[in-house]
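Q: Listed in order, the protein sequences are those of chains A and B. According to numbering that gives the first Met the number 0, the first sequence is numbered sequentially starting from 0. According to numbering that gives the first Met the number 0, the second sequence is numbered sequentially starting from 0.
Hints may be right or wrong, so weigh each one.
[To be verified] Pairwise CB distance ranges (calculated):
id	chain 1	residue 1	chain 2	residue 2	range
1	B	R139	A	K325	25 to 35 Å
2	A	M339	B	R112	43 to 53 Å
3	B	N76	A	T338	16 to 26 Å
4	A	L335	B	D31	29 to 39 Å
What the hints contain is simulated information worked out from the structure, not anything from laboratory work. By construction, the Cβ of each residue, glycine as well, lies at the ideal position given by its N, Cα and C atoms.
Below, each chain spelled out in residue letters.
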Amino acid sequence: MGPRLVPDRADTPLDRAAHWAVRDDADSLDAAEQAEFDAWLTEPGSADAYARARDALDVFDDLDGVDLSGLEALRKEAQAHRTRRPWLPWAAGGAIAAGIAGVLGFTLLGQPGGAPQPTTPQIAKAEPSIPEVAAPAASGAYATAIGEQRVLVLADGSRVTMNTGSQITVDFRPDRRIVRLVRGQALFDVAHNPKRPFSVAAGGRVVTALGTVFEVQIGRGQLHVTLMRGKVVIDPPRAATGGTAAPAAQVPTYLTPGQQFTVTMRSAPEVHAVDVNRQLLWRQQLVEFDDAPVSQAVAELNRYSLKPIVISDARVGQMRISGVYKTGDPNAFADLVSTMLPVAARDTNRGEIELYPSARAAQ
Amino acid sequence: MSPDPPGNVSFDALHRNYRASLLRYFGRRVPDAGAAEDLTQQVFERLLRRGEIESIDHLGGYVFQTARSVFADYLRNRSSRHGDAHESFDEALHGDVDFSPEHVLMKRERLARVIELLQVLPERTRVIFVLRRLEGVKYRDIAAQLGISVSAVEKHMERAVAHLARGLEE
Chain A
0 MGPRLVPDRA DTPLDRAAHW AVRDDADSLD AAEQAEFDAW LTEPGSADAY
50 ARARDALDVF DDLDGVDLSG LEALRKEAQA HRTRRPWLPW AAGGAIAAGI
100 AGVLGFTLLG QPGGAPQPTT PQIAKAEPSI PEVAAPAASG AYATAIGEQR
150 VLVLADGSRV TMNTGSQITV DFRPDRRIVR LVRGQALFDV AHNPKRPFSV
200 AAGGRVVTAL GTVFEVQIGR GQLHVTLMRG KVVIDPPRAA TGGTAAPAAQ
250 VPTYLTPGQQ FTVTMRSAPE VHAVDVNRQL LWRQQLVEFD DAPVSQAVAE
300 LNRYSLKPIV ISDARVGQMR ISGVYKTGDP NAFADLVSTM LPVAARDTNR
350 GEIELYPSAR AAQ
Chain B
0 MSPDPPGNVS FDALHRNYRA SLLRYFGRRV PDAGAAEDLT QQVFERLLRR
50 GEIESIDHLG GYVFQTARSV FADYLRNRSS RHGDAHESFD EALHGDVDFS
100 PEHVLMKRER LARVIELLQV LPERTRVIFV LRRLEGVKYR DIAAQLGISV
150 SAVEKHMERA VAHLARGLEE
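Throw the hints in and build the complete structure from the sequences for me.
A: Pasting the structure below:
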C-alpha cells in the first residue's frame with residue numbers, strides 16, 4: 000500500500016471518522032489500516048462519529064420518491080469538469096448503482112412510442128435446467144442468491160422465474176394477487192383469472208396483467224417491463240397516493256407483446272420494441288451483447304457472480320463487445336475478452352478479476 | 000419476529016413505512032442481509048420500548064436517528080471481527096422503493112439542506128463529492144480527470160463529508 004494517510008493531528012473524532020469513511024468508500028483499506036480503524040472505533044465517541052460520517056457520505060443514496068431536479072445544477076457543474084469522455088447513458092446507470100439504485104420517482108409521461116412487433120412473438124418454454132419450487136402459501140418472501148435461478152409455482156398456478164440476486168414477496172388476497180419485486184429480475188407467467196387481477200409492484204410502479212407473460216427488472220436506477228404475451232398496464236408512480244405533492248398528468252402505459260417499457264431516474268418513460276427471445280436468454284444462463292461497451296457487459300455479468308470483474312482503466316470500459324456469453328463464469332468471459340480486445344485479465348488479491356489494457360493497447 | 004402488540008396500529012404503519020428503508024440503510028453498512036435484518040429489528044424494538052410513537056414530531060428523522068445509534072452500537076460491539084465488513088454491499092438491498100409520504104417529505108427537506116451545505120464548499124470539493132457520490136465515478140478516475148492525485152481527491156472528500164456531517168446535525 001501507499002503512504003499512510005491516517006490523520007494524527009488534533010483532529011476531532013468527526014474529522015477522523017470522515018477520513019475512515021472516505022478510505023472505506025475508496026475501497027482502499029489494507030489489513031494494517033483495517034486494524035487501525037478497528038482500534039480507533041473502540042475510542043470514546045468514535046462509533047457515533049463514524050455513523051454520522053457514513054450518513055454524510057451516503058446523502059445521495061436514499062432518494063427514492065424525492066424530486067431530484069434540485070440536483071441538476073450540481074450534476075451539470077460536476078459534469079463540466081469531466082473532460083475526457085461523454086457520459087454514456089447506460090454506463091451512467093451502472094455508475095449510479097453504487098449511489099442511488101432504484102430511484103424512480105418522477106413525473107410520468109408514458110405513452111407507447113416504439114414500433115410494435117408485427118406479430119406476437121413466440122417464446123421458448125421455461126428452461127428445464129432451472130429448478131422448480133412450489134410456493135403455495137398465500138404470502139411469503141422468496142430470494143435467489145447471486146448466480147442462482149429458480150422457478151416458483153405460486154398458489155394460483157402462476158409461474159415466476161427468478162433471475163440471479165432477486166427477491167420477491169407474494170401477497171395473495173381474495174380479490175387481488177400482488178407480487179412485489181424487491182430487487183432483481185423475474186419473468187411472470189400469470190394464470191388467467193379476470194376476477195382476481197395479478198399485479199407486480201416494482202420501482203414505484205404497478206404492472207397489472209390478465210393472463211400474460213411478462214418480465215420485470217429493477218436495479219441500477221432503472222425499471223424495465225417487457226411484455227412477451229397478452230396485455231399489461233403499467234400504472235404511474237404511486238408517489239401521489241400520500242397526498243404530499245399530486246403530480247398533474249398520470250397516464251397509465253399499455254404494452255403490446257414484444258414491447259419493453261423503460262424508465263430511469265433521469266428520463267421520461269419510453270416504450271420500444273425488443274427481441275423477446277434475446278431478452279429471455281438469461282433463462283439459459285446466457286447473455287448477448289451487440290456492440291455494447293465493455294463496462295456495460297461487465298456490469299451485466301457481475302450480476303451473476305460473486306467474483307466480480309473490475310475495470311481499472313476507463314479505456315477498457317469504452318471498448319465495444321458483441322456476442323453471446325455464459326453467465327456465472329467470469330473467468331471464461333475475461334479470457335474471451337482478452338482474446339478479442341487489447342485487454343489482459345488478472346486475479347487481484349481482493350478476489351476480483353481485473354481487466355486492464357494489455358501492451359497492445361498501450362501502443 | 001416482530002413483537003407487534005395487538006391493536007397498535009401506528010407501530011404497524013411504522014413497520015410498513017420504514018422497514019425497507021432501514022434494511023437498505025443497514026445493507027450499505029453491514030456485511031450481510033441477516034445482520035441488516037437484525038439491526039432493523041433492533042430499531043423497531045427501541046421505538047417500541049420508547050412508546051408513544053404518535054407524539055413524536057418528525058418521526059422519520061427520529062427513526063433514522065435511532066438507526067444511526069443502533070449502527071454506532073453495532074460498531075462498538077463489533078469485536079475484532081472484520082474482513083468483509085467493509086466490502087461494498089450497495090447493490091444487495093437496493094431496489095425497493097418506499098414512498099410513504101412522511102418519509103419522502105423528510106428526505107426532500109434533508110436533500111434541500113444537503114444542497115445548501117454543498118453550495119458553501121469550495122467548487123472543487125463540491126464537484127469531487129458530486130462526481131463520486133452522485134455520479135459514481137471512481138476515485139482514480141476523478142483524480143485522472145481533474146489532474147490531481149488520488150490522495151488529494153480523498154482529502155477533498157473528507158472535507159466534504161465532515162462539513163456535511165456537521166451541517167446535517169444542525
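Q: For every hint, state whether the structure bears it out.
A: Each hint tested on the structure:
1. The given range of 25 to 35 Å is respected by B/R139 and A/K325, whose C-beta atoms sit roughly 30 Å from each other.
2. A beta carbon spacing of about 49 Å between A/M339 and B/R112 agrees with the range 43 to 53 Å that was offered as a hint.
3. Taken as a hint, the range 16 to 26 Å is violated for the pair B/N76 and A/T338, whose Cβ atoms sit roughly 50 Å apart.
4. One distance hint, 29 to 39 Å for the beta-carbon pair A/L335 and B/D31, holds here, with the actual separation near 32 Å.
Hint check: a violation occurs at hint 3 only; the rest are consistent with the structure.
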